[in-house]
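*Asks:* Sequence:
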Amino acid sequence: MGVAVSKKHGKAVKRNRIKRLLRASFADTLQFLDKPCSVILVPKVAEEYSYNNFCKSLKICFKKVNECKKS
508 MGVAVSKKHG
518 KAVKRNRIKR
528 LLRASFADTL
538 QFLDKPCSVI
548 LVPKVAEEYS
558 YNNFCKSLKI
568 CFKKVNECKK
578 S
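Start counting the sequence shown at 508; every next residue gets the next number (the numbering used here).
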């Protein structure tokens, strides 16, 4: 897993918080990914970032990835 957070997201403290949230949500939602694959996470710029929003987005993304791999 790779995480890329640009300076558009804010100063270093805010970027590091976003990276921590992404890593934690990825670790907790990894069970929804059927097969191993490489993942690069690039968050969209937003006012607020939350663990729950990242988890929900990753679950949706992993569901789409699983459907594509079955075909």
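Derived by calculation from the structure, the hints in this document are not laboratory data. Be a bit skeptical, because a hint or two may be false.
Here are the simulated lysine-lysine pairs, PhoX-like style, with alpha carbons at most 20 Å apart [what the hints assert, rightly or not]: (1) K577 / K566; (2) K563 / K551; (3) K514 / K542; (4) K551 / K521; (5) K551 / K526; (6) K526 / K514; (7) K521 / K542; (8) K551 / K518; (9) K551 / K577; (10) K542 / K518; (11) K514 / K551; (12) K515 / K526; (13) K566 / K551; (14) K570 / K515; (15) K542 / K515; (16) K577 / K526; (17) K526 / K542.
Have a look at the derived ranges for each label pair, beta carbon to beta carbon [as the list claims (entries may be wrong)]: (18) K551 / A531: 15 to 21 Å; (19) K518 / E574: 22 to 28 Å; (20) K515 / K577: 34 to 40 Å; (21) E574 / M508: 17 to 23 Å.
In this text, a Cβ means the ideal position worked out from N, Cα and C, and glycines have one as well.
*Asks:* So, for every hint listed, does it hold in this structure?
*Replies:* Structure-based check of all given hints:
1. Proposed proximity of K577 and K566 is supported: the alpha carbons are some 17 Å apart, at most 20 Å.
2. Of the supplied pair hints, the one linking K563 and K551 holds, its CA atoms being roughly 14 Å apart against a limit of 20 Å.
3. For a cut-off of 20 Å, the pair hint linking K514 to K542 is broken: about 32 Å separates their Cα positions.
4. Our distance criterion of 20 Å between C-alpha atoms is met by K551 and K521, whose separation comes to about 14 Å.
5. Between K551 and K526, the direct Cα distance comes to roughly 12 Å. Compliance with the 20 Å bound is thereby established for this hinted pair.
6. As the CA atoms of K526 and K514 are separated by approximately 12 Å, the hinted pair is consistent with the 20 Å bound.
7. Restraint check for K521 and K542: the C-alpha separation of about 32 Å exceeds 20 Å, so the hint is violated.
8. Distance restraint check for K551 and K518: the Cα-Cα separation of roughly 15 Å lies within the 20 Å cut-off, and the hinted pair is therefore satisfied.
9. A threshold of 20 Å between alpha carbons decides the hint, and for K551 with K577 the separation of about 28 Å lies outside it, so the pair is violated.
10. Restraint check for K542 and K518: not satisfied, since their Cα atoms lie roughly 35 Å apart, outside the 20 Å limit.
11. For the hint pairing K514 with K551, the CA-to-CA distance comes to about 12 Å; that is within 20 Å, so the pair holds.
12. With a C-alpha separation of about 14 Å, the suggested pair K515 and K526 falls inside the 20 Å cut-off, and the hint holds.
13. Proximity of K566 to K551 is assessed by CA-CA distance (about 16 Å); at most 20 Å being required, the pair is judged to hold.
14. Distance hint between K570 and K515 is unfulfilled; the C-alpha atoms sit about 28 Å from each other, more than 20 Å.
15. At roughly 33 Å between alpha-carbon atoms, K542 and K515 are farther apart than 20 Å, so this suggested pair is violated.
16. Our distance criterion of 20 Å between C-alpha atoms is broken by K577 and K526, whose separation comes to about 30 Å.
17. A C-alpha spacing of about 24 Å is found between K526 and K542, which places the hinted pair above 20 Å, so the restraint is violated.
18. Between K551 and A531 the beta carbons are some 18 Å apart, a value that agrees with the proposed interval 15 to 21 Å.
19. At about 38 Å, the beta-carbon gap between K518 and E574 misses the expected band of 22 to 28 Å.
20. Our hint of 34 to 40 Å for K515 and K577 holds, since their Cβ atoms are close to 35 Å apart.
21. Distance hint check: the CB atoms of E574 and M508 are about 20 Å apart, consistent with the given range 17 to 23 Å.
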